Amino acid sequence: MKNRNREDCENSEYEEEMEISEEEAIETSSHSKSKSKLNIEPNRFWYNIKIQPPSDSKKRKLTDKDISDLYNNALRLLNKENDVYEAIRSRRNASDRAFYTTMLKSGTLKDRLSTLSVLVEESPVHAIKALDTLFKMACKENRNEAIQTVEGLKNLMVELLLPPDRKLKFFRDQPIDKTNISSKDLILWSFEDYLKRKYFELIRVIEILSHDVVIYVKLQILGIIFTLFMEKPEQESNLLKLLVNRLGDNERKVASKASYLIDQIFPKHPHMKKIVIQEIEQLILLPTANRHAQYYGIIALSRIILAKRDTEVANKLIDIYFVLFAKLLEKKDKEIKKSKISYSKTKNKDNNVTEFEDAVDSKMIAALLTGINRAYNFAQINNTVYEKYLDVLYRITYVGTFNISIQALMLIYRVSSEKESFSDRFYRALYHSLLDPRLIKSSKHALYLNLLYKALKSDPILTRTKAFLKRLVQICGHHEPHFICGVLYLLAELIIARPSLRPFVVRPENHEEENTDDKLSEKNHDSSSKNESAESEKNKKYDPRKRDPQYSNADKSRLWELTTFTNHFHPTVALYATQIVNEQPISGQPELHLHTTTHFLDKFVFRNPKKHDKIKGSNPLLQPTKTSEPGKVVIKKGTGISKDELNVNSKEFWSMELKDVPVDQVPYDQFLL
1 MKNRNREDCE NSEYEEEMEI SEEEAIETSS HSKSKSKLNI EPNRFWYNIK IQPPSDSKKR
61 KLTDKDISDL YNNALRLLNK ENDVYEAIRS RRNASDRAFY TTMLKSGTLK DRLSTLSVLV
121 EESPVHAIKA LDTLFKMACK ENRNEAIQTV EGLKNLMVEL LLPPDRKLKF FRDQPIDKTN
181 ISSKDLILWS FEDYLKRKYF ELIRVIEILS HDVVIYVKLQ ILGIIFTLFM EKPEQESNLL
241 KLLVNRLGDN ERKVASKASY LIDQIFPKHP HMKKIVIQEI EQLILLPTAN RHAQYYGIIA
301 LSRIILAKRD TEVANKLIDI YFVLFAKLLE KKDKEIKKSK ISYSKTKNKD NNVTEFEDAV
361 DSKMIAALLT GINRAYNFAQ INNTVYEKYL DVLYRITYVG TFNISIQALM LIYRVSSEKE
421 SFSDRFYRAL YHSLLDPRLI KSSKHALYLN LLYKALKSDP ILTRTKAFLK RLVQICGHHE
481 PHFICGVLYL LAELIIARPS LRPFVVRPEN HEEENTDDKL SEKNHDSSSK NESAESEKNK
541 KYDPRKRDPQ YSNADKSRLW ELTTFTNHFH PTVALYATQI VNEQPISGQP ELHLHTTTHF
601 LDKFVFRNPK KHDKIKGSNP LLQPTKTSEP GKVVIKKGTG ISKDELNVNS KEFWSMELKD
661 VPVDQVPYDQ FLL
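According to my numbering, the sequence shown holds residues 1 to 673 in order.
Don't read these hints as lab results, they were simulated from the structure.
Each hint should be verified, as a subset may be incorrect.
[Said to hold, decoys possible] DEER-style ranges, computed between Cβ atoms:
1) 598 x 270: 36 to 42 angstroms
2) 38 x 270: 40 to 46 angstroms
3) 155 x 214: 18 to 24 angstroms
4) 108 x 43: 36 to 42 angstroms
5) 250 x 37: 53 to 59 angstroms
6) 323 x 395: 14 to 20 angstroms
7) 142 x 68: 34 to 40 angstroms
As the structure is a computational prediction, the values presented were derived from the model and not from experiment.
Quick reminder that beta carbons are idealized off the backbone N, C-alpha and C, glycines included.
Could you build the full structure based on these sequences and the hints that come with them?
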């Protein structure tokens, strides 16, 4: 790897010893014949070794030179301890030593890693040479060897070397100013200092590998970073920084996995939300941050699960969202002005780049709005903060993608409902969205219908609500049956919530008022009077072309469009429409997916129902709810027949009487069997 620099992962001591063969990690030292005893008995978990607590009665003042001399003495004792251990071990297990030497000399990479790991696992304090060899192997330029060695070191650190409940300490941070310090204390403290420094070197190696040109290497390193961060507190700030920085990786797979892994932190460490948010904020609000990093940073933030106690966290999230919102729009306005100036020069050259950036901006705005809507219920921020961006939100409802428009309208509705004052501008924007041709192909039908239900239920002007219902039923002729079923269910629930709408829906029009104007106009032969009467008559008729629904005179008409759906080709649509016209409660579930073409075709597949509706690998708190509230429609992604539905080729379905067959399954009974 050309971008790997040995100086970044090896100190001068490593460079002097690179030519030393790896089998020397267990070679018998010159002190093998000595009869010295070990100060520390072999122990796999060195941090559980008990030492005599230093006395508090006497302390001494240490200069930097004193500390340095004491540290050098401790290192000498540690090295001597290792030499004595190797001498004792080689005398007792000569055959094991020969086997290990053979593995290190002629074994494969996995053999060498396994051998060195076994040596470390026996007694980490007495395995300095084996650890040194492993760290050298991690710094080699061979990509495969480096990755496998780092993976092995990760396992050793997590399972054996690092304390589970505290961070490592440097030698100078130990209570070395006490007077009754033993050799055992010095050896353990020097080993802990050694391990802390080596672990930091490992983090530097991991950082270098995280910038590798091979995607597989990046993904492997991401997993290692995440495991070390989750399992041990040592170097957690640096590990978190490495993990967050991968949000800006040029490879989409790497950035996406980094976002997913960040989401997995909070179930185990819920109190780290503020720390993670601050780290992501530093990344995405940098002046040099690219849109790629900002997008995946927003995705990671918007997926944070909030609770009632997370008010401060929610406030912080909304602050970040709006700051980024302002920066994004400011940058976009500058680009528009710049493009107008240099349009003739860059018309053909930068077309593809502009389209890509527009697509990224569209996704980013959608992610921002999603995050704001999710954090809104848990935040306590003055509505003036939102009102500053209302003009921007209204602009988005007209120029953004339709799914973004829905998110913007939802946010506007929430702000308005908090103030208990719904502006005419909001209802005009919502009324205009009904005629948007992109609504037909939108993937957010359930979200849109739920917003409509809430807005119409809260609308204080009955005439405007009637105009909405007329336009809503009018556009159903251009939509698929599942959307029509959702609209009819919404209509039925609105009639229950607002009984004053019932005459508008189920009673015929009263023509007497309209005929009165005709009779008066016939008696008046004056031309001016005729014009005035005609204008008056026109103003009293329903006008679907009005921009503002409250001036469309919908109260002068009835919802006669509903009757056409009583003869609809789809049996469920016809049933719902008939039940509404006959003032009967709707007998059905507000689940739009039950009426889609995909669900219809699934009945011909004859496969077993799915056991779980939850999407694999997803956070269950982010999944769509399976239960419905009054007036709320639900649509579930995925295909297949649910466990509650009978398969159309089953004996139970064949034996059913026609009157007992659900209306949406009558065609199967009539034409399939």
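Structure-based check of all given hints:
1. A hinted range of 36 to 42 angstroms holds for the C-beta pair residue 598 and residue 270, which are about 38 angstroms apart.
2. Checked against the hint of 40 to 46 angstroms, the C-beta distance between residue 38 and residue 270 comes to roughly 44 angstroms, which is consistent with it.
3. A hinted range of 18 to 24 angstroms holds for the C-beta pair residue 155 and residue 214, which are about 22 angstroms apart.
4. A hinted range of 36 to 42 angstroms is violated for the C-beta pair residue 108 and residue 43, which are about 30 angstroms apart.
5. At roughly 57 angstroms, the beta-carbon separation of residue 250 and residue 37 lies within the given 53 to 59 angstroms, and the hint holds.
6. Under the hint 14 to 20 angstroms, the C-beta atoms of residue 323 and residue 395, about 18 angstroms apart, fit the expected range.
7. Between residue 142 and residue 68 the beta carbon distance is about 37 angstroms. The supplied range of 34 to 40 angstroms therefore holds.
The structure does not agree with numbered hint 4 stated previously, though it agrees with all others.
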